[in-house]
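Go ahead and model the full structure; you've got the sequences and the hints to work with.
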Amino acid sequence: MLSYAIRRFLGALPTLFIIVTFAFFMMRLAPGGPFDSNRHLPPEIEHNIEAAYNLDKPVYEQYLIYLGKLARFDLGPSYKTKDFTVAELIGEGLPVSARLGLSAMVIAIAFGVALGTAAALNQNHSGDYGIMVFAMVGITIPTFVTAPILTLIFGVYGLQLFGFDLSLPVGGWNGGALRNMILPVIVLALPQLAIIARLVRGSTIEVLRSNYVLTAKAKGLPAYLVILRHVMPASLLPLVSYLGPAVASLLTGSLVVEQIFGIPGIGRYFIQAALNRDYTLMLGVVIVYAAFVIALNLVADLLYAVLDPRVSYKR
Amino acid sequence: MSIVSHSADNAAAIIAARDLSGRSLWVDARRRLFSNRAAVASMIGLTVVGLMALLAPALSPYGFATQDWNVVSCAPPWWPDSSVMCRAGGAHWFGTDAVGRDLFVRVLYGARVSLAVGFVATLVSLAIGVVYGAMAGYAGGTIDGLMMRFVDLLYSLPFIFFVIILMVVFHRNFFLLFVAIGAVEWLTMARIVRGQTLSLKQKEFIEAARAAGVGSAAIVFRHVIPNLLGPVVVYVTLTIPDVILAESFLSFLGLGVQEPLTSWGVLIADGANQMEIAPWLLVFPAGIMAAALFCFNFIGDGLRDALDPKDR
Chain A
-11 MLSYAIRRFL GALPTLFIIV TFAFFMMRLA PGGPFDSNRH LPPEIEHNIE AAYNLDKPVY
49 EQYLIYLGKL ARFDLGPSYK TKDFTVAELI GEGLPVSARL GLSAMVIAIA FGVALGTAAA
109 LNQNHSGDYG IMVFAMVGIT IPTFVTAPIL TLIFGVYGLQ LFGFDLSLPV GGWNGGALRN
169 MILPVIVLAL PQLAIIARLV RGSTIEVLRS NYVLTAKAKG LPAYLVILRH VMPASLLPLV
229 SYLGPAVASL LTGSLVVEQI FGIPGIGRYF IQAALNRDYT LMLGVVIVYA AFVIALNLVA
289 DLLYAVLDPR VSYKR
Chain B
781 MSIVSHSADN AAAIIAARDL SGRSLWVDAR RRLFSNRAAV ASMIGLTVVG LMALLAPALS
841 PYGFATQDWN VVSCAPPWWP DSSVMCRAGG AHWFGTDAVG RDLFVRVLYG ARVSLAVGFV
901 ATLVSLAIGV VYGAMAGYAG GTIDGLMMRF VDLLYSLPFI FFVIILMVVF HRNFFLLFVA
961 IGAVEWLTMA RIVRGQTLSL KQKEFIEAAR AAGVGSAAIV FRHVIPNLLG PVVVYVTLTI
1021 PDVILAESFL SFLGLGVQEP LTSWGVLIAD GANQMEIAPW LLVFPAGIMA AALFCFNFIG
1081 DGLRDALDPK DR
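Taken in order, these protein sequences are the chains called A and B.
Under our numbering, the first residue of the first sequence is numbered -11, with each subsequent residue one higher.
Under our numbering, the first residue of the second sequence is numbered 781, with each subsequent residue one higher.
Watch out, some of these pointers could steer you wrong.
Derived, one-sided and incomplete: chain B residues facing chain A with beta-carbon distance under 8 Å [to be verified]:
| id | residue |
| --- | --- |
| 1 | Phe941 |
| 2 | Ile945 |
| 3 | Val948 |
| 4 | Val949 |
| 5 | Ala989 |
| 6 | Ser1028 |
| 7 | Leu1035 |
| 8 | Ala1052 |
| 9 | Met1055 |
| 10 | Pro1059 |
| 11 | Leu1062 |
| 12 | Ala1066 |
| 13 | Ala1070 |
| 14 | Leu1073 |
| 15 | Phe1074 |
| 16 | Asn1077 |
Residues from chain A that face chain B, not an exhaustive set, calculated with beta carbons under 7 Å [as the list claims (entries may be wrong)]:
| id | residue |
| --- | --- |
| 17 | Met14 |
| 18 | Leu17 |
| 19 | Ile129 |
| 20 | Pro130 |
| 21 | Val274 |
Don't read these hints as lab results, they were simulated from the structure.
Where is the CB? At the ideal position from N, CA and C, for every residue including glycine.
Spelled out as structure tokens, the structure:
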């Protein structure tokens, strides 16, 4: 097992390396440097600025310098946000994004599993159809539509229901207050929740048909025990391998959600960097994101190998 | 009509009498598809939207970039909320935006861009994915292993970030938008095609072609690829909405299509900014885009059921 884990870890490193290389050279292909502006600077000042950021050296040398710094977790200075290094900016945004993403993931898994299992147990009945229609809506309607519409309902109009005030703030982070987190987390979780519900429904239906479930029922086990002890461990396995892609799409979704709700996470930094052509910051965020996705794919694979006795990790 | 109850002779006679030409997979699939109500309704709906987008200039007296400062952020004439600041008259069926442009025309022009990106980028992904997958599957062995390992590697990347970088680096070039999104979406296509090719490769007609001395490239292009059509068609219909989403996502973030050109994503972004004072700017583009995405998904599901009946 350990050797399998190590092998997979070593296999993930080249992926990260390729991402860094690819992203780096793409940035350098960009016409115009990061310090082009309408003001024309005297040539010697321009030269000094370029020298300060190593931009006067040949590209391959810049690449090696960047790799060298990266190995020491130094992502360089931000080109546009003066006096901040990329690492500082990411260090500020990452906890916020991580908290948002993790909450969304937990909610998506909890409700997705519950809804998917419920749908499978009521297969082809109204409950099942209702849940599947909900899932279809969740999958089809993109985050950048659900976010404004939910804000409109809960934030702008301030929904009142049975005398309860259900209004929520339209945006802002407010140090991560619960009220501020509800809408962004729901919006972020919704598509994943829907996909997970579909996935779990499919696998649960399959497991429900298997002989050992029939045996468990036949020996007189109460229904909830059959489901909890025999059905769910098997039906939730596909969920583990979906973990990697789920994290990737959560990250993508967080770009939109952070933008709409004005949350100071790294997704917003990334968009701002993209619009301002702040290459170092973009590169830094891409690397952090890629590292996350790769790491979680790795964790998912290892978890799968541990949980599923049919997967052999010796090879 | 059942011929099961007849004797074998009878059945043969009936078949001879009706001069059955034999139902091909495609005839069968079409029949099944057309009996799927959701899919048929979706096809009609999409055709209507597509035609309206094509005929946009003829459908409304307003230009998509013409500004009329007399009707700024005005509600549609029939808007139910009476507290709006102003109502646009005439043919402003969807109201007007913050610079006095007609929303109805803009939604249709947005449909043009979104649908065009959807189709063209899907074609790009189709071309890359089919050729790559068919080659990998047909070559087999080490080459296949290497090629698919490369796909696995790309799979694990958060690819939308690379599209964003591309858009930034190349100044939001419209043509590049197609290519960039298409280049992201080809991976699954390559996997599907490769799997199909692996099983096709064993078929007799491929062997016959090889025995007749046909070259590998000719076999791949003339014999393997035409036989991949079924699963590929299904996947294509499911890729189009994905691509439309990707484009809208970029446009929403301000990294896609640029003013005065528009797409559903741009319109939704606009609407989201002004939803407090002019909710119609959000409701119409979002509603129509969601409807179109639903249609594509229903057609894709219908096609899958029609072409692969055992999967139901």
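Please flag the earlier hints that this structure goes against, numbers listed from lowest up.
5
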